[in-house]
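Chain B: place on chain A using the hints.
The primary structure of each chain is shown beneath.
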Amino acid sequence: MTSTHSGGCQCGAVRYRIEGELEYPHLCHCRMCQKAAGNYFMPLGFAPGKMLTITRGAPGWFHSSDPVRRGFCRDCGTPLFFDTLESDGIAVTLGSLDDPAAFPPVANDGMETRVPFHAALDGLPAKSVDRNDLPGGLESVASTNHQHPDHDTGVWPAEGKA
Amino acid sequence: MSMETHSGGCQCGAVRFRLTGMPGTSSVCYCRMCQKASAAHALALVSVGEAALEWTRGQPSWFQSSNAARRGFCDKCGTPLAYDAPDGLALFYLFDTTLRDGQQTPGIDFSLDDKMSIAACSTSLASTMSRAAIPAPIRPTPRFLPSRAPMKASFTAFGMTRRAGRFGVQRSRPAGADAGGGRCGVLVAKSWDYHVRVALKTAPMRRTLPASPTA
Chain A
1 MTSTHSGGCQ CGAVRYRIEG ELEYPHLCHC RMCQKAAGNY FMPLGFAPGK MLTITRGAPG
61 WFHSSDPVRR GFCRDCGTPL FFDTLESDGI AVTLGSLDDP AAFPPVANDG METRVPFHAA
121 LDGLPAKSVD RNDLPGGLES VASTNHQHPD HDTGVWPAEG KA
Chain B
1 MSMETHSGGC QCGAVRFRLT GMPGTSSVCY CRMCQKASAA HALALVSVGE AALEWTRGQP
61 SWFQSSNAAR RGFCDKCGTP LAYDAPDGLA LFYLFDTTLR DGQQTPGIDF SLDDKMSIAA
121 CSTSLASTMS RAAIPAPIRP TPRFLPSRAP MKASFTAFGM TRRAGRFGVQ RSRPAGADAG
181 GGRCGVLVAK SWDYHVRVAL KTAPMRRTLP ASPTA
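Those protein sequences? They're chains A and B, same order as listed.
All residue numbers for the first sequence refer to the numbering used here, where the first residue is 1 and numbers rise by one.
All residue numbers for the second sequence refer to the numbering used here, where the first residue is 1 and numbers rise by one.
Everything labelled a hint here was simulated from the structure, so no lab data went into it.
Glycine included, C-beta positions come from ideal geometry on N, C-alpha and C.
Treat the hints with care, since some could be wrong.
As the list claims (entries may be wrong) - To spell it out: a stretch of chain B is covered by chain A in this simulated footprint if at least three of its residues, at any positions, have a beta carbon under 8 Å from a beta carbon of chain A; those stretches are:
hint, segment
1, 4-15
2, 36-49
3, 55-64
4, 68-80
Bound conformation, chain B alone:
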């Protein structure tokens, strides 16, 4: 399978780069620091995301615009090239549990068409920020799979069951779901103790889930 690649560089060509794999979010920033750095009304950026960044010719010079970030540019022609924060650009992950690949709780039943249209809507709202979370269903009915989803997103599969006398993250993995070895932590919370007492049939408690992703 061929990987998506994007090449680029400065105006004079002294610094060139290549992105291999799927980049993250593209955005346009109007903050005064990006305006000043780019001398424009806005600065267009794409997060490197899951792609690999390689400087294929030369190296950018760096200006530390604050302790939190530095900006790369070509010192031969000035072209702004990169914005680098210690932990990368912020990515907002939209975990949409309505896209689970199995039965919903009776009364909240989404058809395959419903899920496809929810996925399309998520994509239009957040583009590559979308991450579909697929809680392992009690009875897996693999219909809404990554291969069929109209989303440019990665998928994270996890299972979570909380019942009286039983606690844990399911080790089972929905058929067909593959997060590509990615890691994720899952935080589960209920907004109302009624849900805990009636739906989960247990007493309210605070507990940290083990970070043990199944995919």
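Excised from the complex, chain A in its bound form:
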């Protein structure tokens, strides 16, 4: 039986489904992935062939070089895909999966530009989500959360959430 994994952007305008297992889940630390992700690295897994189907909306594309384009949601910005045009398949950002822990990374790529303190991140002081700086606390975020839930939905935005 083939496993299915769903995912999409934060606002839910773009949703996708993967039939099967992503290959070579990894963290890419190259400067292009860092910049595209606005982050220290971009986690990617490869969906060969026609394993990936866009189930809602359509991503925007930015050609970061001639051979490669990157897909993102035009409404909320979430980076979604890394597409090498000549290759048969597409890479998916692992954090956009509805289960971001579905494919633990097996490698680090682009190590020459990895941020020097990356290995020390786990040792930083740790705390839970806390929004006591807001008048309504964390509840004011939770009760007005416009993020798409971590599963497929028939209609989105949900009624009253538009």
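Using the frame of chain A, we list chain B on its own:
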């Protein structure tokens, strides 16, 4: 004096920004909203803090991820750029009164070396979250000054004295301490009425201090 500056922007360059001055706290957030927004396992953020943020080219698009916050990104290439809550990111201010720049109460005497090592420890724990509060000492002996402190922190100076028959926030300002015009409110509380009766020699009371920073 040249100001610290940091520039940045999205992958395609349509949106560029510059931070002038010292940014606040940097942190890595693993909450599901930051994961989803960045499509990564964690989102690295730095609070604008006391720096000035200027969009030097283009403007980000915004997605209201909840009523409390919006997230900025480039609509040409998708790069996530900003996280904006109405009152900015939470900053936790650690007011470490052990760093006062004068005599301690007899029995709690920290040497200059002690204070330096406490400051270093505070910095390692909280980085730029550290704020050293320097209560005006009764007899100022300016030794532990911001210029010598091994902290990437701002300093707030205030004086507070409560004695029987006298109440108020001292207007005096410890020599050498300069909070750069910043404002702060000071909340003073005692955890035990013994302190009030014996140390302050007065009756327990509740009173709100006037918000009148001296620096």
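Results for each hint:
1. Coverage of the segment 4-15 of chain B by chain A holds in this model, with 3 residues showing a Cβ closer than 8 Å to a Cβ of that chain against a need of three.
2. As drawn, the segment 36-49 of chain B meets chain A at 9 residues by the rule of a beta-carbon pair under 8 Å; at three or more, the given contact holds.
3. Beta-carbon proximity to chain A at under 8 Å applies to 3 residues in the segment 55-64 of chain B; the threshold of 3 is reached and the given coverage holds.
4. Residues of the segment 68-80 of chain B with a Cβ under 8 Å from some Cβ of chain A number 12, which satisfies the need for three, so the listed coverage holds.
Going down the numbered hints, you'll see the structure goes against none, and every one checks out.
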